[in-house]
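Enquirer: Chain A is already provided as a structure; the job is to place chain B on it using the hints.
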Amino acid sequence: MNLITKDIIYKYLAGGTTVIQKRQLEEWLLLPANQETFYECLEEWERRHPQFTADTDRALQDYQKKLYAQKEANVLARSLSDDTGAGKQEETYYPLSPARRGRFMKIAVLLLILAGAAVYKDQLLYKHYTTGEKEIRTVLLPDNSKVTLLENADLKLARLFRWKKERTVWLKGQAIFNVQSTRDHRPFFVNTPFKAQIQVLGTEFDLYAASDSTRVFLNEGSIRVNIDSSFSRPFIMKPGDLAKMGKKNLVQIKNNQFYWQFRTQVSHTLVFDKTPLSDVGLIMKEQFGKTIHIPDTALAARRISGSYKWTTEKDILNTLALMMGFTVTYGENGQAVLK
Amino acid sequence: MSFSNHTNEEDRFYPVTGAHASDKLQVDAIEIGDREVFIKQVFKTDPSKGCELLFKRYYGPLCSHAVKYVYSKEKAEDMVADVFYKFWENKYYEQVCGSYRSYLFRAVRNTALNLVKKEFGRPEADMEDCEEKAPATHDTAQLLEAEELSRLIEKTIRELPPKCQRVFLMSRLESKKNMEIARQLKVSLKAVEAHISKALGILRLAVQELNG
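Heads up: the sequence lines are chains A and B, in that order.
Note that numbering that gives the first Met the number 0 has the first sequence beginning at 0, numbered continuously upward.
Note that numbering that gives the first Met the number 0 has the second sequence beginning at 0, numbered continuously upward.
Since the hints were made in silico from the structure, they are not lab data.
If you're wondering where the values come from, they're calculated on a predicted model, not measured in any experiment.
Any given hint could be a false lead.
Stated by the list, open to error - Output of the computed footprint for chain A on chain B, the stretches with three or more beta carbons under 8 Å from beta carbons of chain A:
| # | region |
| --- | --- |
| 1 | 44–51 |
| 2 | 64–76 |
Unchecked claim - No farther apart than 27 Å at their CA atoms in a straight line, the calculated lysine-lysine pairs in the DSS-like style are these:
| # | chain 1 | residue 1 | chain 2 | residue 2 |
| --- | --- | --- | --- | --- |
| 3 | A | Lys64 | B | Lys116 |
| 4 | A | Lys64 | B | Lys39 |
| 5 | A | Lys10 | B | Lys154 |
| 6 | A | Lys64 | B | Lys90 |
| 7 | A | Lys21 | B | Lys39 |
| 8 | A | Lys65 | B | Lys154 |
| 9 | A | Lys64 | B | Lys48 |
| 10 | A | Lys105 | B | Lys55 |
As the list claims (entries may be wrong) - Counterexamples of contact, computed for chain A against chain B with all Cβ distances above 12 Å:
| # | residue |
| --- | --- |
| 11 | Leu12 |
| 12 | Gln50 |
| 13 | Tyr207 |
| 14 | Ser304 |
Glycine residues also receive a C-beta, built at the ideal position from the N, C-alpha and C atoms.
Bound-form chain A, shown alone (with noise of 0.2 Å):
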């Protein structure tokens, strides 16, 4: 009975089958598992053939802001409501979404442009604290915030900054914040030249802004991390969690770091999004403090995207050996190999 192959479909949904063909079609199509057939050849079909080109970037904003608008708010809701923070584990991964490059070469146009008028006007307008080789220098900023600049760091604000509606500032290198609120509930903003933008609800973070990666600890309070908007969608922090951004496309946040070993019940989620298996290794490192080794280049350059709720690290890297094809042996020093 079974004379139908792929060909047959792909000539039927050309419109080149006979009556015959057609009728063995739809004797065929009776067993479901065939209609998944159908449907593979189906969606070949429109890929090969599209009727226009849809704007799937534009449309998957909308979708996104739908899928993520309660997410988010309830994300806000309890940050807001839960400042004790250090008792409640919170899962809060944005995995990162792919770049949208017309947009981003509108921010980047605007930005040269920004950033040339800034050459001339910022002597004018700024000032700069800036702190050198093993200098850590405390600043106290008009509206009585601290600032502890570790060394090599650059601090900039606005003149004026007393008297703007928000209170930005710009980092390059790293420092605490330890941040007032106003009487007049002035927005606190620290722009970092890699694409992050951290904005103050609470207090207390160190953070580190260097000009290809910007890492975020919160102590205390809590903080919106505004990202440039091709890389991730904008998170709140809760206390406890470390956020990281680098050229790899990687942020995480990894709750109540200086914690996670005492509690035992708590799920840990990785995610991976075009991860390297040489950057899985490291964060394997920072996570667990086991080194990983990958003798094979090609190996550690291959990619991997998911999911994984984890216990322990044999545990994703017997998975992860699974799914790859390689085998994990353990060296002398407790050293993982993959092959």
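Expert: Chain B in isolation, oriented as in the chain A frame:
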């Protein structure tokens, strides 16, 4: 738990095509019979992420499919987006048996059929709303009928007088305003409107004839 291998962005969720040759056998074994295995896993832990992945993967092909029925870019896009909204809001993803792919194509087709009925069918024609339910598995007859319908629509539009066809396509598929079309083709606004309503009239006749 879920992971997939890939070497570049395009084949993120098509591990077979992106994997190294040496991996092929092993990855194939996982993939055959259920190419959505990764997405299925994601749905278990994070349905919104799962919806997002489905959207990224199927939005384009679904729009392309939908437009064959409704012959309007906007309507096709809105319709597909709407199917995805309902999929999320009413948690249809929990009821899907079989693949998400076939579910989504069916849902889009049903929605499209309803729209065609509404737009081109007889006003008194019964309009059962099949989009609200998860579609049945054995709907072979409907599947083929729908294909016939899209073919009829295609044929009807192909046989429209050239100018009429051009105006109709500019309006419905290139999202041009009537004014714009008039300016571009150097005809009056009235003529553009007449062409469009003529095309719609012919389509209506053809669809009603098919439905008896």
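Enquirer: The structure should be examined with respect to each hint, and the outcome stated for every one.
Expert: Cross-check of the supplied hints:
Check result for the region 44–51 of chain B against chain A: holds, 6 residues qualifying (beta carbon to beta carbon below 8 Å, three or more required). Residue count for the region 64–76 of chain B with a Cβ under 8 Å from a Cβ of chain A: 6. That meets the three needed, and the coverage hint holds. A C-alpha spacing of about 31 Å is found between A/Lys64 and B/Lys116, which places the hinted pair above 27 Å, so the restraint is violated. Restraint check: the Cα-Cα separation between A/Lys64 and B/Lys39 comes to about 22 Å, which is no more than 27 Å; the hinted pair holds.
Using a Cα cut-off of 27 Å, the hinted pair A/Lys10 and B/Lys154 holds, with the two alpha carbons roughly 17 Å apart. Proximity of A/Lys64 to B/Lys90 is assessed by CA-CA distance (about 17 Å); at most 27 Å being required, the pair is judged to hold. With a C-alpha separation of about 33 Å, the suggested pair A/Lys21 and B/Lys39 falls outside the 27 Å cut-off, and the hint is violated. Between A/Lys65 and B/Lys154 the CA atoms are separated by roughly 38 Å; this puts the pair beyond 27 Å, and the hint is violated.
Distance hint between A/Lys64 and B/Lys48 is fulfilled; the C-alpha atoms sit about 12 Å from each other, no more than 27 Å. Between A/Lys105 and B/Lys55, the direct Cα distance comes to roughly 23 Å. Compliance with the 27 Å bound is thereby established for this hinted pair. Non-interface call for A/Leu12 relative to chain B: violated, since the shortest CB-CB distance, roughly 8 Å, does not exceed 12 Å. The claim that A/Gln50 lies off the interface is violated: its Cβ sits roughly 5 Å from the closest Cβ of chain B, which falls inside the 12 Å cut-off.
With a cut of 12 Å on Cβ distances, A/Tyr207 stays outside the contact zone with chain B, its closest approach being about 28 Å. The non-interface label for A/Ser304 is inconsistent with chain B: the shortest C-beta to C-beta separation is roughly 6 Å, within 12 Å.
Violated hints for the displayed structure, listed by number in ascending order: 3, 7, 8, 11, 12, 14.
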